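Those protein sequences? They're chains A and B, same order as listed.
Under this note's numbering, the residues of the first sequence are numbered 23 to 409, in order.
Under this note's numbering, the residues of the second sequence are numbered 23 to 409, in order.
Take the hints with a grain of salt, since some may be wrong.
Any copy, or any two copies together, can satisfy a pair, since identical chains are not distinguished.
Once the Cα atoms are required to be at most 25 Å apart in a straight line, the calculated DMTMM-like pairs of lysine to aspartate or glutamate come out as [to be verified]:
id	residue 1	residue 2
1	Lys-27	Asp-365
2	Lys-27	Glu-288
3	Lys-230	Glu-335
4	Lys-26	Asp-365
5	Lys-252	Glu-136
6	Lys-26	Glu-288
7	Lys-26	Glu-273
8	Lys-27	Asp-68
Derived from the structure by calculation, the hints contain no laboratory data.
Please read all numbers here as calculations on a predicted model, not as lab measurements.
Protein chains: 2
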Amino acid sequence: MYIKKQRLLAPGPTPLYPPAVHAMMGSDIHHRTAGFQAVYDRVLTDLKAVFGTTQDVLPLVTSGTGAMEAAVTNCFSPGDRVIVATAGKFGERWAEIAKAYALAITLVERPYGEPLPAEAVAEALHAHPDAKGVLMQAAETSTGVEHPVREIAAAVRPTQAILVIDAITGLGTMRLDIEGWGLDVIIGGSQKSFMIPPGLAFVSLSGKAWDASSRARLPRFYFDFIRERKAAHSGEPSWTPAVSLILALGEALRYIQTLGMGQLIENARLLAAATRASMQALGLELFAKSSPSAAVTSVRAPRGLDSGAIIQEFHNRFAATITNGQGSMKGQIFRLAHLGYYDFPELFATIAALELILAARGIPVDFGGGVAAAQAVYASAAGIRTA
Amino acid sequence: MYIKKQRLLAPGPTPLYPPAVHAMMGSDIHHRTAGFQAVYDRVLTDLKAVFGTTQDVLPLVTSGTGAMEAAVTNCFSPGDRVIVATAGKFGERWAEIAKAYALAITLVERPYGEPLPAEAVAEALHAHPDAKGVLMQAAETSTGVEHPVREIAAAVRPTQAILVIDAITGLGTMRLDIEGWGLDVIIGGSQKSFMIPPGLAFVSLSGKAWDASSRARLPRFYFDFIRERKAAHSGEPSWTPAVSLILALGEALRYIQTLGMGQLIENARLLAAATRASMQALGLELFAKSSPSAAVTSVRAPRGLDSGAIIQEFHNRFAATITNGQGSMKGQIFRLAHLGYYDFPELFATIAALELILAARGIPVDFGGGVAAAQAVYASAAGIRTA
Chain A
23 MYIKKQRLLA PGPTPLYPPA VHAMMGSDIH HRTAGFQAVY DRVLTDLKAV
73 FGTTQDVLPL VTSGTGAMEA AVTNCFSPGD RVIVATAGKF GERWAEIAKA
123 YALAITLVER PYGEPLPAEA VAEALHAHPD AKGVLMQAAE TSTGVEHPVR
173 EIAAAVRPTQ AILVIDAITG LGTMRLDIEG WGLDVIIGGS QKSFMIPPGL
223 AFVSLSGKAW DASSRARLPR FYFDFIRERK AAHSGEPSWT PAVSLILALG
273 EALRYIQTLG MGQLIENARL LAAATRASMQ ALGLELFAKS SPSAAVTSVR
323 APRGLDSGAI IQEFHNRFAA TITNGQGSMK GQIFRLAHLG YYDFPELFAT
373 IAALELILAA RGIPVDFGGG VAAAQAVYAS AAGIRTA
Chain B
23 MYIKKQRLLA PGPTPLYPPA VHAMMGSDIH HRTAGFQAVY DRVLTDLKAV
73 FGTTQDVLPL VTSGTGAMEA AVTNCFSPGD RVIVATAGKF GERWAEIAKA
123 YALAITLVER PYGEPLPAEA VAEALHAHPD AKGVLMQAAE TSTGVEHPVR
173 EIAAAVRPTQ AILVIDAITG LGTMRLDIEG WGLDVIIGGS QKSFMIPPGL
223 AFVSLSGKAW DASSRARLPR FYFDFIRERK AAHSGEPSWT PAVSLILALG
273 EALRYIQTLG MGQLIENARL LAAATRASMQ ALGLELFAKS SPSAAVTSVR
323 APRGLDSGAI IQEFHNRFAA TITNGQGSMK GQIFRLAHLG YYDFPELFAT
373 IAALELILAA RGIPVDFGGG VAAAQAVYAS AAGIRTA
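Excised from the complex, chain A in its bound form (with noise of 0.2 Å):
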């Protein structure tokens, strides 16, 4: 039919950095020269200034869920008692891991849609004062919430427990003081926040988490942070590095400190606001009721209207990738993402977009009306007045 262009609109992988694309062409280069050295060495010094940390940040070649995994088996030993505070997909996959090394597992469980309660790990901790650590996500990409890191931090800290956190969405889309807070284990990935695609993923540990990972005992040999530690100071990777993915987030990382960390997690925010705003201008449910992430809005499918017929129209009418639902609510919710690298334009073109496809569905839709509320929010942002 007519031109259709490819849109990204997924909470990850998220649309690309054109730098860093261009950087990858760049990959016929050998790992083991001064060349890539010297991007290797600032990639992992610009990681840490991103991350906002003096602690080194590790960047291991895997998907986040190997990065998950890698915190599990680094930091634990056979038996140890985790508390896995879950409210949504990703959650659950902590669950998983925990079970697969046989740890001893208490879980904090909300439903998906909710945020988790600080009080409620608080409990877990003081029932199970064995615990020697805390599981959870920053934002859970599979219901657009963001969890009270801060204060469950505040409830860690003072046990023998580590926090460990899987922030590959949180990163980049809300506040995360790693040392201020005391935040243990932080986990970050290539596709999300930063722009690149996927493929590398990030770890960075506190004193009291490299403490807990030299006494660790569950079998590792690929994922060992210790090693990682000493190949990151010798400035030498300890296994191949995806090339292309280090050229790409030399580019990326520079961008986002040109940027500001602030400012990436402040564009996601008001993004975000825009998006709700819309939503509800166009008279649907938000799915987060409160503390919504600004990496991912989550949306209640219209009465009657299977959430994956929105998905399928958004791909059919303009190639564009939205997400559904994850786990229980799949066909219930559509998700759209809005970290990264994405402005303002894109998040109009995608809402007018969605008044076509609800329109296209019978829903009643004044065109217009959901663009007009994210306008608001822009403007309102910019200081440009309104009558």
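Once you have looked at the hints, place chain B on chain A.
Only chain B this time, still in chain A's reference frame:
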């Protein structure tokens, strides 16, 4: 300060077709090899299919202006009379080129913003039976106007003159039946509907034009159609070809053929109709009162506002490139392009951005009002019923 993605919304260079960009990465090949030869052969064949002609289409390594000059030097002799039909900056360029070669020029002029009447060209031909050529644009990019090519061709056909058409913007945005209408010289450019970067131009000649070419005695060397035709028949480019652009063109031509040239034109025409509806919904005055081009819509800046301010705001707020008026219309109009690799979501984004820009400049605007008018055009074309 927030993230701003670069957006090309100019009537050339236009947005690039990604697989064409990716193909450019294969440029480290020599052009006198079987591998490149195969690509080049297919490009020559596909160009004919996309132009819709059985005649050769010659790819030249040049900007469009070079191809315009080449058409003059390859078709005329010292002292020849040419009728230059002009109603804009690119029409004036024909006059400049003809003047540089000291041809005798008869101007058929209309004000910026108007189409050229076929009768005026017919009268000039009648008054100057010695005229060897008529030089014109298919679509005048500077004003966003389409000229009545078919009617003018009908006036030129019975005379000795050849009709030389700069269709750089016209190709892919309007129907041009080269052989059916008798268009003698047709010029295209890579950076328009061909969706690739600037650097290539394309020329196709009718039998009548080839006859003229065989008699033409203006001085020339690099641009020599007869040598280029021989080169095309041998499959060996006469000079070093722009390897990266030929590789890109190969991908783009494949895409255009999959889409269909008719659909490519229809895509631009529908986007143009939606743009015009939007501008009118916003209370803005269209510059082309009749025969608007589907390539680019020119719009008068609101009273008291220099159009340069709108262009600057697009750049500053959204990193987007739209264009000012050219020649005598600079500062008075702005131009929104919708040719080539351009789709509806991009248009929605552009219009929402324009609404914000007008509001920022104190022009009363109903947010979403322009977007809604464009959505209505999409809905109608896509058979979406609205309440």
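Tell me the hint numbers this structure goes against, listed in increasing order. Of the numbered hints given earlier, those the structure breaks are 3, 5, listed in rising order.
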